[in-house]
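A.B. asks: Here the protein sequences line up with chains A and B, keeping their order. Okay, so the first sequence: first residue is 1 according to the working numbering, each after it adds one. Okay, so the second sequence: first residue is 358 according to the working numbering, each after it adds one.
By construction, these hints were calculated from the structure, which means they are not laboratory data. Any given hint might turn out to be false.
[Claimed, not checked] Straight-line Cα separation of at most 20 Å, SDA-like style, residue types lysine to any residue; simulated pairs:
| hint | chain 1 | residue 1 | chain 2 | residue 2 |
| --- | --- | --- | --- | --- |
| 1 | B | Lys657 | B | Trp576 |
| 2 | B | Lys368 | A | Arg177 |
| 3 | A | Lys170 | B | Lys368 |
| 4 | B | Lys487 | A | Val53 |
| 5 | B | Lys368 | A | Ile182 |
| 6 | B | Lys491 | A | Arg52 |
| 7 | B | Lys521 | A | Ile175 |
| 8 | A | Lys266 | A | Leu282 |
| 9 | B | Lys521 | A | Tyr324 |
| 10 | B | Lys657 | B | Tyr365 |
| 11 | B | Lys368 | A | Ser321 |
| 12 | B | Lys491 | A | Pro304 |
| 13 | B | Lys521 | A | Ala323 |
| 14 | B | Lys368 | A | Asp345 |
| 15 | B | Lys521 | A | Leu316 |
| 16 | B | Lys368 | A | Ile174 |
| 17 | B | Lys361 | B | Ile654 |
| 18 | B | Lys491 | A | Val56 |
| 19 | B | Lys368 | B | Thr593 |
| 20 | B | Lys368 | A | Asp180 |
| 21 | B | Lys361 | B | Ala371 |
| 22 | B | Lys491 | A | Ala323 |
| 23 | B | Lys442 | A | Arg245 |
| 24 | A | Lys170 | B | Leu372 |
| 25 | B | Lys657 | A | Asp180 |
| 26 | B | Lys491 | A | Asp345 |
| 27 | B | Lys521 | A | Asn320 |
| 28 | B | Lys413 | B | Lys429 |
| 29 | B | Lys491 | A | Asn51 |
| 30 | B | Lys368 | A | Asp172 |
| 31 | B | Lys521 | A | Asn317 |
| 32 | B | Lys521 | A | Ile319 |
| 33 | B | Lys368 | A | Lys266 |
[Stated by the list, open to error] A few chain B residues facing chain A, derived, Cβ under 8 Å:
| hint | residue |
| --- | --- |
| 34 | Leu370 |
| 35 | Val380 |
| 36 | Ile381 |
| 37 | Thr382 |
| 38 | Met388 |
| 39 | Ala390 |
| 40 | Gly438 |
Idealized CB from N, CA, C, for every residue including glycine.
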Amino acid sequence: MKNPFSIQIDKDSYVSGADFLPASDEEKEYMVQMRPSTTFFRDGVKRLVKNRVALVSFIIIVVITVSAIVLPMFWPYTYEDMLGVQPGRPVDASYNNLAPMTYGKTEQARIEAGEKIFPHLFGTDSSGRDYFIRVVYGTRISLAVGFFASIIVLIIGITIGSIAGYIGGKVDLIIMRIVDIIYSLPDMLMVILLASVLRMTLSTALEGTVLEKIGSNIISLFIVFGILYWVSMSRLIRGQILSLREQEYVLAAQATGAKAGWIIRKHLIPNCISVVIISTALQIPNAIFTESYLSFLGLGVNAPMPSLGSLASDALNGINSYAYRLVIPAIVISLIVLSLNLFGDGLRDAFDPKLNA
Amino acid sequence: MNSKTAFYIVKRLALALLTVWVVITVTFFVMHAVPGGPFLSEKAISETAMKALEAKYGMDKPLHVQYFTYLKDIVTKFDFGPSLKQRGRTVIDIISDGMKTSVKLGLVAAFIALVSGVVLGAIAALRRNKIIDKIIMVLTTAFVSMPSFIMGVLLLILFVIQLKWLPGNGNAKGGLLLPIITLSLYPMAYITRLTRSSMLDVLGQDYIRTAKAKGVSKWKIIFGHAMKNSLIPVITYFGPMLAYIVTGSIVVEQIFAVPGIGRQFVSSIINRDYPMIMGTTIVLAILIVVMNLVSDILYKVVDPRIKLD
Numbered sequence: 001m002k003n004p005f006s007i008q009i010d011k012d013s014y015v016s017g018a019d020f021l022p023a024s025d026e027e028k029e030y031m032v033q034m035r036p037s038t039t040f041f042r043d044g045v046k047r048l049v050k051n052r053v054a055l056v057s058f059i060i061i062v063v064i065t066v067s068a069i070v071l072p073m074f075w076p077y078t079y080e081d082m083l084g085v086q087p088g089r090p091v092d093a094s095y096n097n098l099a100p101m102t103y104g105k106t107e108q109a110r111i112e113a114g115e116k117i118f119p120h121l122f123g124t125d126s127s128g129r130d131y132f133i134r135v136v137y138g139t140r141i142s143l144a145v146g147f148f149a150s151i152i153v154l155i156i157g158i159t160i161g162s163i164a165g166y167i168g169g170k171v172d173l174i175i176m177r178i179v180d181i182i183y184s185l186p187d188m189l190m191v192i193l194l195a196s197v198l199r200m201t202l203s204t205a206l207e208g209t210v211l212e213k214i215g216s217n218i219i220s221l222f223i224v225f226g227i228l229y230w231v232s233m234s235r236l237i238r239g240q241i242l243s244l245r246e247q248e249y250v251l252a253a254q255a256t257g258a259k260a261g262w263i264i265r266k267h268l269i270p271n272c273i274s275v276v277i278i279s280t281a282l283q284i285p286n287a288i289f290t291e292s293y294l295s296f297l298g299l300g301v302n303a304p305m306p307s308l309g310s311l312a313s314d315a316l317n318g319i320n321s322y323a324y325r326l327v328i329p330a331i332v333i334s335l336i337v338l339s340l341n342l343f344g345d346g347l348r349d350a351f352d353p354k355l356n357a
Numbered sequence: 358m359n360s361k362t363a364f365y366i367v368k369r370l371a372l373a374l375l376t377v378w379v380v381i382t383v384t385f386f387v388m389h390a391v392p393g394g395p396f397l398s399e400k401a402i403s404e405t406a407m408k409a410l411e412a413k414y415g416m417d418k419p420l421h422v423q424y425f426t427y428l429k430d431i432v433t434k435f436d437f438g439p440s441l442k443q444r445g446r447t448v449i450d451i452i453s454d455g456m457k458t459s460v461k462l463g464l465v466a467a468f469i470a471l472v473s474g475v476v477l478g479a480i481a482a483l484r485r486n487k488i489i490d491k492i493i494m495v496l497t498t499a500f501v502s503m504p505s506f507i508m509g510v511l512l513l514i515l516f517v518i519q520l521k522w523l524p525g526n527g528n529a530k531g532g533l534l535l536p537i538i539t540l541s542l543y544p545m546a547y548i549t550r551l552t553r554s555s556m557l558d559v560l561g562q563d564y565i566r567t568a569k570a571k572g573v574s575k576w577k578i579i580f581g582h583a584m585k586n587s588l589i590p591v592i593t594y595f596g597p598m599l600a601y602i603v604t605g606s607i608v609v610e611q612i613f614a615v616p617g618i619g620r621q622f623v624s625s626i627i628n629r630d631y632p633m634i635m636g637t638t639i640v641l642a643i644l645i646v647v648m649n650l651v652s653d654i655l656y657k658v659v660d661p662r663i664k665l666d
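Looking at chain A on its own, in the form it has when it is part of the complex (with noise of 0.2 Å):
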């Protein structure tokens, strides 16, 4: 018999044979998941997919970039092409202004001898170029402009900030400094400035390069927003950063020997991803609406490549007799930006619920 006080357990009384049968049915129902255990992200998209506007702007978003992309591939007309423009034989100005859905002579003498035409959706611009197409050429280029300029400022926002969050000191108050002289210069006439400017410095210094192609003036649009737009970037970077590098991971990494720039990309910046995400999806709209507006004032694209802007500012010419060809990109432009805007918004709502409150 075993001392009633001893602490050692009686192992006859406490383990049997019974303990070990295989669980009975009844029993492995309460290991059952009811539901699969969520991640952040899914979690996100969930709140995202239940926000009725944020999916109607997603969906117009790629809808519109979708046919952006696809569309000019299997288009019978391209942008450049002045219809009337044959080689070997006069201009034939038929095809100057043409309404939409009307033919110019030799395609109206080939109908009647009944081949089937395409027809000009939108008609055709001043030179004679099918305007459906150029809408839809604009559109990409408005979208890819808004889109790599994002990413511009997204990568030197992130470097910035992350630096002047994780070493501190000295190094953030410069960089700290220089952010609030260039968030209190007045933006865009600064951009108005550099681009006047850089478009000209550029164009001779671009020739013969591959990035000719992309012209002078998308260029120095790029090179103007990465200096000038990236500074809220990194100060958001910043305030995250700052908060996190408190955490106890980041200590647990120093402690192995991880070097700084192993842990901003390994565990800093992956933390404060959500944040990243919405402010360059904000960050779209915003490069898009910069770069018709640039457009609009004739420091845009290069012709006779078209953006919205350009587009737009191009149709204020003939604005008594052609008003539909102002109103499509115009039109064009504002979905695109609201969309943008209320899908940044949506993100927000679902991606970071502190932001809610």
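Assemble chain B onto chain A, guided by the hints.
C.D. replies: Chain B alone, transformed into the frame defined by chain A:
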């Protein structure tokens, strides 16, 4: 005002001065980095004539000497030199000429935006989730997403070309009406949203409930208690609003043919009139920086609870 506020104002003032200096410096050096210089577009000029032109405008001196002369002229005399393309006129003359129209345009637009924005925002907040609130929110969302030049041309097409109600020329009688509306719609929409959200915030506060419990009349609560506090965030928008109106008027004046500073700016860019581009950029930048400074300080003075950074 305590010493902390004073320190903040001094700090903010220093930043504003620094910003203006950066604008002047960047503008100067960027403009002088243009290849070929300002006389490039002139028809083939002989070597001696070019030399004479450069000597006349002081461009034969080393760059840093030119820079300090330029800086000194701005600080002491607010002088930006002569215009290169409009012979016989100085840059500051042309700017102050254009400013007369633009300031009128901008101030009226700002005033309309402020008043109608606050009223609409308050209505939306007081009728929360009712049909009128929804209409206001949908419209303001649309206006916020529409670039000023799009707004301008759409109004131009509607009222000038289709309906023929208003003239499309800024010089004509009533010609400033459309540019004013164009410029005021975006800030109005923004102020409406700002007022609505801050008003909703204030209406949920305890002191509003206390006032209600005391039996204060509805209108007294709205105007005496809620409105005053919910207008504070609107003050911070003064600076950005001015910046928007300034950049907006650059294209809007172009669309409606208004003889203001924005139109001068665009034509100086097209004509490569360098002193004019520099002068306009600097003057407009100073305007925006000063307005930002004023609205920041006002914000702080009006509401002492606000934490300073």
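A.B. asks: Each hint should be assessed against the structure and marked as holding or not.
C.D. replies: Structure-based check of each hint:
Restraint check for Lys657 (chain B) and Trp576 (chain B): the C-alpha separation of about 28 Å exceeds 20 Å, so the hint is violated. Between Lys368 (chain B) and Arg177 (chain A), the direct Cα distance comes to roughly 12 Å. Compliance with the 20 Å bound is thereby established for this hinted pair. The hinted pair formed by Lys170 (chain A) and Lys368 (chain B) meets the criterion: a straight-line CA distance of about 19 Å does not exceed 20 Å. Restraint check for Lys487 (chain B) and Val53 (chain A): satisfied, since their Cα atoms lie roughly 19 Å apart, inside the 20 Å limit.
Restraint check: the Cα-Cα separation between Lys368 (chain B) and Ile182 (chain A) comes to about 16 Å, which is no more than 20 Å; the hinted pair holds. Taking the CA atoms of Lys491 (chain B) and Arg52 (chain A), the gap is about 16 Å. The hint holds against a cut of 20 Å. For a cut-off of 20 Å, the pair hint linking Lys521 (chain B) to Ile175 (chain A) is broken: about 54 Å separates their Cα positions. The hinted pair formed by Lys266 (chain A) and Leu282 (chain A) fails the criterion: a straight-line CA distance of about 25 Å is larger than 20 Å.
Distance check on the hinted pair: Lys521 (chain B) and Tyr324 (chain A) sit about 17 Å apart at the alpha-carbon level, within 20 Å; holds. Restraint check: the Cα-Cα separation between Lys657 (chain B) and Tyr365 (chain B) comes to about 9 Å, which is no more than 20 Å; the hinted pair holds. Taking the CA atoms of Lys368 (chain B) and Ser321 (chain A), the gap is about 55 Å. The hint is violated against a cut of 20 Å. Of the supplied pair hints, the one linking Lys491 (chain B) and Pro304 (chain A) is violated, its CA atoms being roughly 43 Å apart against a limit of 20 Å.
Taking the CA atoms of Lys521 (chain B) and Ala323 (chain A), the gap is near 14 Å; set against the 20 Å cutoff, the hint holds. At roughly 34 Å between alpha-carbon atoms, Lys368 (chain B) and Asp345 (chain A) are farther apart than 20 Å, so this suggested pair is violated. At roughly 17 Å between alpha-carbon atoms, Lys521 (chain B) and Leu316 (chain A) fall within 20 Å of each other, so this suggested pair holds. Taking the CA atoms of Lys368 (chain B) and Ile174 (chain A), the gap is about 16 Å. The hint holds against a cut of 20 Å.
Annotation: proposed proximity of Lys361 (chain B) to Ile654 (chain B) holds, straight-line Cα distance about 12 Å (limit 20 Å). Annotation: proposed proximity of Lys491 (chain B) to Val56 (chain A) holds, straight-line Cα distance about 18 Å (limit 20 Å). Pair hint Lys368 (chain B) plus Thr593 (chain B) holds up; C-alpha atoms about 18 Å apart against a cutoff of 20 Å. For the hint linking Lys368 (chain B) to Asp180 (chain A), the alpha-carbon distance of about 12 Å falls within 20 Å, and the restraint holds.
For the given pair, Lys361 (chain B) sits about 15 Å from Ala371 (chain B) by alpha-carbon distance, which is consistent with the 20 Å threshold. Simply put, Lys491 (chain B) and Ala323 (chain A) have alpha-carbon atoms about 31 Å apart, too far for the 20 Å limit, and the pair is violated. Restraint check for Lys442 (chain B) and Arg245 (chain A): not satisfied, since their Cα atoms lie roughly 57 Å apart, outside the 20 Å limit. Straight-line distance between C-alpha atoms of Lys170 (chain A) and Leu372 (chain B) comes to about 18 Å, which keeps the hinted pair within the 20 Å bound.
Simply put, Lys657 (chain B) and Asp180 (chain A) have alpha-carbon atoms about 18 Å apart, close enough for the 20 Å limit, and the pair holds. A threshold of 20 Å between alpha carbons decides the hint, and for Lys491 (chain B) with Asp345 (chain A) the separation of about 17 Å falls inside it, so the pair holds. Restraint check for Lys521 (chain B) and Asn320 (chain A): the C-alpha separation of about 11 Å stays at or below 20 Å, so the hint holds. Proposed proximity of Lys413 (chain B) and Lys429 (chain B) is supported: the alpha carbons are some 18 Å apart, at most 20 Å.
Between the alpha carbons of Lys491 (chain B) and Asn51 (chain A) the distance comes to roughly 17 Å, so the proposed pair stays at or under 20 Å and holds. With a CA separation close to 18 Å, the supplied pair Lys368 (chain B) and Asp172 (chain A) stays within the 20 Å bound. Between the alpha carbons of Lys521 (chain B) and Asn317 (chain A) the distance comes to roughly 18 Å, so the proposed pair stays at or under 20 Å and holds. With a C-alpha separation of about 13 Å, the suggested pair Lys521 (chain B) and Ile319 (chain A) falls inside the 20 Å cut-off, and the hint holds.
At roughly 37 Å between alpha-carbon atoms, Lys368 (chain B) and Lys266 (chain A) are farther apart than 20 Å, so this suggested pair is violated. Of the supplied interface hints, the one on Leu370 (chain B) is violated, with its beta-carbon coming no nearer than about 12 Å to a beta-carbon of chain A, more than 8 Å. The beta carbon of Val380 (chain B) is positioned within 8 Å of a beta carbon in chain A (closest approach about 6 Å), and the interface hint is therefore held. Interface hint at Ile381 (chain B): violated, since its Cβ lies 11 Å from the closest Cβ of chain A, which is beyond the 8 Å cut-off.
A hinted interface residue such as Thr382 (chain B) counts as satisfied when its beta carbon comes closer than 8 Å to some beta carbon of chain A; here the least separation is about 11 Å, so the hint is violated. Of the supplied interface hints, the one on Met388 (chain B) holds, with its beta-carbon coming within about 7 Å of a beta-carbon of chain A, less than 8 Å. The interface hint given for Ala390 (chain B) holds, since its Cβ lies 6 Å from the closest Cβ of chain A, which is under the 8 Å cut-off. Restraint check, Gly438 (chain B) versus chain A: the minimum CB separation of about 17 Å is more than 8 Å; hint violated.
The earlier numbered hints that this structure contradicts are 1, 7, 8, 11, 12, 14, 22, 23, 33, 34, 36, 37, 40.
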